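S.K.: When the sequence shown is numbered by numbering that gives the first Met the number 0, its final residue is 168 and no position is left out of the sequence of numbers.
One thing to keep in mind: the hints can contain errors.
[As the list claims (entries may be wrong)] Here are the computed lysine-lysine pairs in the DSS-like style, where the Cα-Cα straight-line distance is at most 25 Å:
| # | residue 1 | residue 2 |
| --- | --- | --- |
| 1 | K84 | K18 |
| 2 | K84 | K45 |
| 3 | K45 | K18 |
Source of the hints: derived by calculation from the structure; they are not laboratory data. Small disclaimer: the values here were computed from a predicted structure and weren't measured.
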Amino acid sequence: MRKTQTWQRQDQSIHPELKSWLYASGSLTRQLTELAGGVFWVQPLKEYFQRLNFNDSQWMKMPYRHTSWVRDCYLYGSDEQPWVKARSIFPILSLQGRARLFQHIGSKPIGWYLFQRTEPVCERRVIWLEEGWTRQSCYTWHGCKFIVQETFLPAFEQFLNTQTQQTHG
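Using the sequences and the hints, build the whole thing.
M.R.: Take a look at the structure:
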């Protein structure tokens, strides 16, 4: 179950280094690759169909309980531990036209396609989930709406802290 806190509480409890990542615009794939010195890879965990929950259907203006295709994966940088747990939610209505390719990308990052020669429209919300601070982005790309959820895991925060200590130490 998702736990949402008020903006004020979120703003006060997010570590400053992580906060900039939660609110950054553009391709997380590109940003993580740059941070890791060119190292980046995706480990798909599972792909499945499920019905949209009420909040996601409202946000995307899609029918409640509409079937969606979901992809869960880990994103890795230069560490052995994953940095981000990502979930992409594509309503079946959105998997048409150019967006059909997302259902067949395997271990390639969505960002490679999403930000290639385009800057998709993005609405964002930041929430706390059991696994950590999470940014949810509702993208509109070539007329298709979908959600990309990225939870920043403890290994990523540790990496950021190490980078900060090396810079200021």
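S.K.: Now tell me if each hint is right for this structure.
M.R.: Hints and how they fare:
1. Distance hint between K84 and K18 is fulfilled; the C-alpha atoms sit about 17 Å from each other, no more than 25 Å.
2. Straight-line distance between C-alpha atoms of K84 and K45 comes to about 12 Å, which keeps the hinted pair within the 25 Å bound.
3. For the suggested pair K45 and K18, the alpha carbons sit about 28 Å apart, so the restraint of at most 25 Å is broken.
In terms of the numbered hints stated before, the structure departs from hint 3 and from no other.
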